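Visitor: If you want the building blocks of each chain, they are given just below.
Protein chains: 2
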Amino acid sequence: MSNRRRSPCPIACTLDIIGDKWTLLVIRDMVLGRSHYKEFLESPEGIATNILADRLVKLVDAGLVEKYPSDIVPGRDAYRLTKKGETLRPILKSIVRWGLKNVDGTYIGLSPR
Amino acid sequence: MSNRRRSPCPIACTLDIIGDKWTLLVIRDMVLGRSHYKEFLESPEGIATNILADRLVKLVDAGLVEKYPSDIVPGRDAYRLTKKGETLRPILKSIVRWGLKNVDGTYIGLSPR
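As they're listed, the protein sequences go chains A and B. Every number in my numbering is 11 more than the matching position in the first sequence, counting from 1. Every number in my numbering is 11 more than the matching position in the second sequence, counting from 1.
Bound-form chain A, shown alone (with noise of 0.2 Å):
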């Protein structure tokens, strides 16, 4: 997200995108269907609004997530997975995997929209 590359490396230059313990779960939320600021509020972590107001603005800024006008509550903005932003699906499968296989009593909680 940063202009400021610390290394050609794909995993460098991916983690200056995604390397934090927020982004890739709004990402998840946005796979799961939920696309309003209050669902990713509402999801178990408790992410706080100006965190999540950060992300929504750099996940925009890469091309990954696109805002649009709320089919539900009018005058709002809801967001969606870019094209772009679907090919994340791949990262995300892995770590639910990992995290399944190796973090004790993980267990997919949260059900899609």
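No lab work stands behind these hints, which were simulated from the structure alone. Careful: at least some of the hints might be erroneous.
[Claimed, not checked] Below are the DSS-like pairs computed for lysine-lysine, each with C-alpha atoms no more than 25 Å apart in a straight line:
1. B:Lys-32 to A:Lys-104
2. A:Lys-95 to B:Lys-78
3. B:Lys-112 to B:Lys-69
4. B:Lys-94 to B:Lys-112
5. A:Lys-78 to B:Lys-112
6. A:Lys-104 to B:Lys-78
7. B:Lys-112 to B:Lys-49
8. B:Lys-94 to A:Lys-104
Predicted model, so just to flag it, every value in this text is computed and none were measured.
Following the hints, put chain B in place on chain A, whose structure we already have.
Guide: For chain B alone, kept in the frame of chain A given last:
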């Protein structure tokens, strides 16, 4: 890494361990055969000594990395992936693939030792 789990979500719990800009770069270095503190510091991203020290402690605590006496530099510690740490490879691989495809100008520059 923290004792406070944000949710039982496998993504959230995995990000609690590897969700930052540096941890997976240290893992990458170990996958590429680097094992000494000095070698990690020499990677092109320029990890700071305090961040490196912090991440190594956390990775050892999480059972992903183990410390062993260096067989090259007498009296020094070296670090390597445990069997559990090796299971992070598919996550790394999915990130490498995504970066190469989606971030312009990235390439595999570090060679294995």
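Visitor: With a cut-off of 25 Å on the C-alpha distance, tell me whether Lys-78 (chain A) and Lys-112 (chain B) pass.
Guide: The hint holds at about 24 Å.
Visitor: Between the alpha carbons of Lys-104 (chain A) and Lys-78 (chain B), is the straight-line distance 25 Å or under?
Guide: Outside the cut-off at roughly 30 Å; violated.
Visitor: When you check the alpha-carbon spacing of Lys-94 (chain B) and Lys-104 (chain A), does it fall within 25 Å?
Guide: The hint holds at about 21 Å.
Visitor: Could you grab the alpha-carbon distance between Lys-95 (chain A) and Lys-78 (chain B) and see if it respects the 25 Å cut-off?
Guide: violated, 39 Å
Visitor: Going straight from one Cα to the other, do Lys-32 (chain B) and Lys-104 (chain A) come out at no more than 25 Å?
Guide: holds, 19 Å
Visitor: So if I understand the rule, the pair passes when the alpha-carbon distance is 25 Å or less; does Lys-94 (chain B) with Lys-112 (chain B) pass?
Guide: The given pair, whose Cα atoms are some 29 Å apart, is violated under the 25 Å limit.
Visitor: Hey, Lys-112 (chain B) versus Lys-69 (chain B), does the alpha-carbon distance stay inside 25 Å?
Guide: It is violated: about 31 Å lies between the C-alpha atoms, which goes past 25 Å.
Visitor: For the pair supplied as a hint, Lys-112 (chain B) and Lys-49 (chain B), is the alpha-carbon distance within the 25 Å limit?
Guide: violated, 31 Å
Violated hints, in rising order: 2, 3, 4, 6, 7; the structure is consistent with all others.
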